[in-house]
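Please model the entire structure based on the sequences and the hints provided.
Residue numbers (this note's numbering), protein chains in the order written: chain L, 1 to 351; chain E, 1001 to 1351; chain C, 2001 to 2351.
Hints were generated in silico from the structure; no laboratory data involved. Any given hint could turn out to be false.
In silico DMTMM-like cross-links for lysine to aspartate or glutamate, where the CA-CA straight-line distance does not exceed 25 Å [claimed, not checked]:
(1) K2316(C) / E1074(E)
(2) K168(L) / D243(L)
(3) K19(L) / D1300(E)
(4) K92(L) / E1172(E)
(5) K29(L) / E1263(E)
(6) K78(L) / E1172(E)
(7) K1029(E) / E2297(C)
(8) K1019(E) / E2297(C)
(9) K2029(C) / E263(L)
(10) K1277(E) / D1243(E)
(11) K1029(E) / E1061(E)
(12) K248(L) / E194(L)
(13) K1316(E) / D111(L)
(14) K92(L) / E1303(E)
Label pairs and their in silico Cβ distance ranges [claimed, not checked]:
(15) M1(L) / D1116(E): 49 to 59 Å
(16) Q1039(E) / G2290(C): 33 to 43 Å
(17) R2086(C) / A17(L): 48 to 58 Å
Beta carbons are placed, not taken as given, at the ideal position from N, Cα and C, and that holds for glycine.
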Amino acid sequence: MFPKNAWYVACTPDEIADKPLGRTICGEKIVFYRPAPDQVAALDDFCPHRGAPLSLGTVCEGHLQCGYHGLRVECTGKSVSMPGQRVQGFPKARSFPVVERYGFIWVWPGDAAQADPATIHHLPWANNPEWAYGGGLYHIACDYRLMIDNLMDLTHETYVHSTSIGQKEIDEVPCKTRVEGDEVITSRFMEGIEAPPFWKMALRMNGLPDDQPVDRWQICHFTPPSHVLIEVGVALAGNGGYDAPADKKASSIVVDFITPETETSIHYFWGMARNFKPQDPSLTTQIREGQGNIFAEDQDMLEQQQQNLLRYPDRKLLMLNIDAGGVQSRKILDRIIAAEQAAAAPPAVAA
Amino acid sequence: MFPKNAWYVACTPDEIADKPLGRTICGEKIVFYRPAPDQVAALDDFCPHRGAPLSLGTVCEGHLQCGYHGLRVECTGKSVSMPGQRVQGFPKARSFPVVERYGFIWVWPGDAAQADPATIHHLPWANNPEWAYGGGLYHIACDYRLMIDNLMDLTHETYVHSTSIGQKEIDEVPCKTRVEGDEVITSRFMEGIEAPPFWKMALRMNGLPDDQPVDRWQICHFTPPSHVLIEVGVALAGNGGYDAPADKKASSIVVDFITPETETSIHYFWGMARNFKPQDPSLTTQIREGQGNIFAEDQDMLEQQQQNLLRYPDRKLLMLNIDAGGVQSRKILDRIIAAEQAAAAPPAVAA
Amino acid sequence: MFPKNAWYVACTPDEIADKPLGRTICGEKIVFYRPAPDQVAALDDFCPHRGAPLSLGTVCEGHLQCGYHGLRVECTGKSVSMPGQRVQGFPKARSFPVVERYGFIWVWPGDAAQADPATIHHLPWANNPEWAYGGGLYHIACDYRLMIDNLMDLTHETYVHSTSIGQKEIDEVPCKTRVEGDEVITSRFMEGIEAPPFWKMALRMNGLPDDQPVDRWQICHFTPPSHVLIEVGVALAGNGGYDAPADKKASSIVVDFITPETETSIHYFWGMARNFKPQDPSLTTQIREGQGNIFAEDQDMLEQQQQNLLRYPDRKLLMLNIDAGGVQSRKILDRIIAAEQAAAAPPAVAA
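Set out below in structure tokens:
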């Protein structure tokens, strides 16, 4: 169960640079392509002629040409030509609202009439020269909500990522969860600790000493349908922590766009936006590789957890304080999904 | 859905040269083997003793010996011996009518009483020293009818095989489809065009110039259950095309025997019979390799098309003039299948 | 269908030497680990917190620590600690009776109240310096009863293992099957034959000539739930065969513990216990490798037989005299399984 009337990250621009991309989003099999260098289109990946996948086709003169028999469709899904055929009466391929923004291609897999690009999650750091972004994509065989749980409860870093970003203090310091409208915020503040290796590096990059106690923070923000953006950082101890002046701290944003493929699989777009040394592409590469290795450690755990839950569908899971972020996020999702279903259901007949 | 009372190509002789072959044909799991060098037999691939696959056995003294405990069956499926056992009362393994002819092993997966070897599709070029044949076998995960569609509509060559045998003229010249009894014929004649590379080679092999305009033809013949034989060729322009005298043209026959394995998978026997340079085995090898590469290009398209159709079983496909060959072939198949089912159904009780 | 209230071999000690092991036994997904060097524990492989697999965790201070968020459970399945949490009210993970004995880890996947370690199958040769043991583990996709059939009817050696331990005499000499309580014994005695290569080697190792006729025996013992121990050996002919004095014979025990994973897959622990040259580890290695190669020959046959039986569930199999060992073993299993089910069923209501 996932909201359909929402903007999801479908892919990154490099994935559609040379040819169409077939990808299933929230159960919809979609082809993404560029009708023109600055445009993007998303259609049902099913040729109206004989059901061939349009994603095996090519873009010709701004239209998507089926790779089987040459039917061309425009970005609305309307057939525009086919050799030797009149195409006026051909059924339209379904088109999906799709927008390129912030370095991602966003798609709306639900009711197109409700799609408003203004509601795409705002990323203030994107397209900002003071920030740099690097990230990647993993395919993971789990319910998207298990990944939300994972990211809203960072105590798992101590165990799953014990050799990299984990540290005992994460586990020892309680987190707090609050809900603000449709947003869930889980935050943890650790004071006077030793910075772990990543943050020592970041301190040095900011011209700060790396051998002094720091205050560290992790502020996880869930917003529907499945975005988790995590403010992370350290400040030299005693300068106000999260609120310390810029010249006393180093920080970044862990970016997680979790796009359901099916009920039990996701396209997981992960990355990091940083506002230190933004003009250093080798640092971007270095961070991306490190983050990629760390985030890969979650895959086996999530997939086996998913298999366990499928095996025992009736078992109740615990909801501890550390789980509050995931629990509250699911409540919001349940409400949104129920509203979608109610709107889609036929009206009850009056007596 | 496929006809069961029909002759299908099961394998080629080299596949049973050394040992039995297990292969599923129209849903029947069958073991093929040679009781003697010039004989072929086909039995249910299930040992009457304990259900072991007979295809893991060996041929001993003309009988198929189960590789598990040594039960021997003869080609009728009757048990003939087993160490220390009396086998008279053993159940018979089902035997299937099977014939070696034209360089193929043909099997009848349906009612044996109706199997008449005289109805095996006649291949006039086989066993003819003026012709040479080369071919191969692909396993493809699609309904056999999708492959019939593919072969009865060669406009796909322009797209799927754009870098090899496709040419724009195929797409531009309309085809015609006619039905003659249980045969469907779709033909296309292109006049005054440049020969594509394969046909330039064939012209040279026939001692003809390769730099002159040609008339090219493609005449696809479907016959039940799932044979598609395609007459293809070129003649120097202005000599009557298909009807040109032999010294003005080069031609061959594309051979396609499509044997259903299951409802959604096939054994696809493809090849080419040619009547130029028949004594040149290196040319046979060269053509087979080229054809193998080209026909491999269809696999991904057909398998993804099949997945699309399984995903959306209720979507209606278009039936354009280019699809007429496949559409008419399916009508014949539908009729044959319905007749088989009616014959198999219990008679209605009179009032 | 398999007995649940029984001791099965779960793994060997080396499999849990460094970290927990997740393994499904009789449909139960279980984690095995060592709380202390000389202890073994078996728990449901499902963390009470969020369903993560405990087998991805680590052993810390004698407790199994979940690798996701650090919940620690003790060997009873009771939660003992979790950072920042009170765990008293946490649900218990199910624990399974588990015993290390004879070089194996034995588990009882059924009702723990009925588990009595005294009923673990006694292996008189284990922990006996006059004997040596070597073995391995195969995963095979078949019903455990097909493997029992296989081992209780060694005529298959003549066919499946024709190039190694098979010999025609096995097939020619009738076997006898008798039932003693819950034990089934199938025996075959071959007199005055040539020893096959393995036994020639064994004779030499015992200081006996290898070029003289021998009496050979195979005595297969099935005991529930699925143990098959086979006494095998040869004696110089005319010395009483199986009952010959120790200085006239060579013998060993083929060990087969067949642990159901699912209804159609097994963990197959195979090995050989020998009482000649027990102090020669290179001989143990040599025998294990030879036996491993031979036993691997059964896998394809068993898996394809299983597929055949699933395909044709209604076909009756033959029950010949050679099958009596398997048939009688199944009768005992049927009785045990029926008794388990009767005990588990709610009592009938009196009228």
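Evaluation of the provided hints:
1. K2316(C) / E1074(E): holds (21 Å)
2. K168(L) / D243(L): Holds - the C-alpha atoms of D243(L) and K168(L) are around 24 Å apart, at most 25 Å.
3. K19(L) / D1300(E): Answer holds: K19(L) to D1300(E) is near 16 Å, not above 25 Å.
4. K92(L) / E1172(E): holds (24 Å)
5. K29(L) / E1263(E): Holds, because 23 Å separates the two Cα atoms, which is no more than 25 Å.
6. K78(L) / E1172(E): holds (22 Å)
7. K1029(E) / E2297(C): holds (22 Å)
8. K1019(E) / E2297(C): Holds, at about 17 Å.
9. K2029(C) / E263(L): Measuring from Cα to Cα gives roughly 23 Å; hence the hint holds.
10. K1277(E) / D1243(E): OK: K1277(E) and D1243(E) at ~21 Å, within 25 Å.
11. K1029(E) / E1061(E): holds (24 Å)
12. K248(L) / E194(L): holds (15 Å)
13. K1316(E) / D111(L): holds (23 Å)
14. K92(L) / E1303(E): holds (23 Å)
15. M1(L) / D1116(E): 49 to 59 Å: Roughly 58 Å apart at Cβ, these two residues keep to the hinted range, so it holds.
16. Q1039(E) / G2290(C): 33 to 43 Å: Holds - the Cβ-Cβ distance for Q1039(E) and G2290(C), about 39 Å, lies within 33 to 43 Å.
17. R2086(C) / A17(L): 48 to 58 Å: holds (54 Å)
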